[in-house]
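Sequences are here, hints too, so could you generate the full structure?
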Amino acid sequence: MNTTNSYTLKYLLGEEKIPVPQRRQWNNYIEIVGARENNLKNLNVRFPLNVMTVVTGVSGSGKSSLVGKILYPALKKYYGGAAEQTGKFDILRGSMMLAKDIEFIDQNPIGRSTRSNPVTYIKAYDEIRRLFSEQQLARQMNFPASFFSFNIPGGRCEECLGEGTVTVEMQFMADLTLECESCKGQRFKPEILEVQYKGVNIFNILEMNVNQAIDFFSNSNGTVEKRIVRRLQPLQDVGVGYLKLGQSSSTLSGGESQRIKLASFLANEKPEPTIFIFDEPTTGLHFHDIKTLLIALNALISKGHTVIIIEHNPEIIKCADHIIDLGPEGGEFGGEIVFEGNPEKIIECEKSYTGQFLKNKIIQ
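With the first letter of the sequence shown counted as 1, position 188 gets the number 188 in our numbering; the numbers rise by one all the way through.
These are calculated hints, taken from the structure and not from any lab test. Remember, it's a predicted structure, so these values are computed and weren't measured experimentally. Positions of the beta carbon are idealized from the N, C-alpha and C atoms, including for glycine. Heads up, a few of these hints could be off.
[As the list claims (entries may be wrong)] Once the Cα atoms are required to be at most 25 angstroms apart in a straight line, the calculated PhoX-like pairs of lysine-lysine come out as: (1) Lys41 to Lys10; (2) Lys17 to Lys123; (3) Lys226 to Lys198; (4) Lys77 to Lys41; (5) Lys88 to Lys76; (6) Lys303 to Lys76; (7) Lys359 to Lys17; (8) Lys10 to Lys361; (9) Lys226 to Lys244; (10) Lys123 to Lys100; (11) Lys351 to Lys41.
[What the hints assert, rightly or not] DEER-style ranges, computed between Cβ atoms: (12) Gly330 to Thr251: 51 to 59 angstroms; (13) Asn42 to Leu13: 42 to 50 angstroms; (14) Ser59 to His288: 24 to 32 angstroms; (15) Tyr78 to Gly14: 42 to 50 angstroms; (16) Tyr78 to Asn211: 37 to 45 angstroms; (17) Gln22 to Asn44: 49 to 57 angstroms; (18) Asn142 to Tyr78: 26 to 34 angstroms; (19) Thr251 to Asp90: 43 to 51 angstroms; (20) Ile363 to Leu12: 42 to 50 angstroms.
Right, here's the structure in full:
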């Protein structure tokens, strides 16, 4: 109670809160008819377009079966993409033509390699490498942009292959990971590190966090610098500005990986209307992080996209334009539609556990 700057305390006391928004109206939808995958009991379900739909229900109620096993693969194939085998259902109908693609944004890592990191995933590193290749020393030494990459031969340290660390295999113990003696963990050859932009080298840039890098590049009016800031800005917008640009994907949490994927879509400014599915995006997030996440999700909708979220967190559920509540229980006692509609109506549904817990979030 005596910690004056604690966001946790402010949210617990109600000084800070996530407001209940004005509901967006919808007319167009995509409907799944006869959903029977796993415990789903021959459901007909409408998913509105151009709004935020939250699919709720106790664990085992059928949320993942409906959204992940039927809706996503059925629509992905409809839009010409590849997906796993679609769960059992009869008909896909509605205004499918009003969207052009569907994306499932889960908490899987952003890359399989230890070299993958936020700055490469968001495609800002291409511009940063180009910027360094344009510096006077780089031109004198004929260093192309590729020499400022740690993924390919040229400028990277060949002792550690750009990893910054080497692994020593131990016969009877776990392998040891040690700092590379050749580059001292800096991943590049010494001559590459001599190339500087505003007094810093490429390794220094990778050691900056997103917030620091945005401030650093914002102090220039150059075209390349503006493109770098534009690429990095969505990372700050989704609340991961504290991550280092070169931070290995293996050190990121599932929630951080999911928000980096969201930032990637915001950065690319996908022009065609897309349906975005999120699987429990609030896992591991603080109240304040959720508030930031909602701003990013609303930004997607304002650009003409559709957001569908599988979620348990009442702070997200109360902000939905439309709720699909499954249950009433899990397993064989689930798989039914308990409620469909907006949050103001679900709190009147006595059968809905979601509605019962949402009352004190809606009625202030």
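> What are the numbers of the hints that this structure violates, sorted from low to high?
Replying inline: 1, 2, 12, 17, 18 and 20
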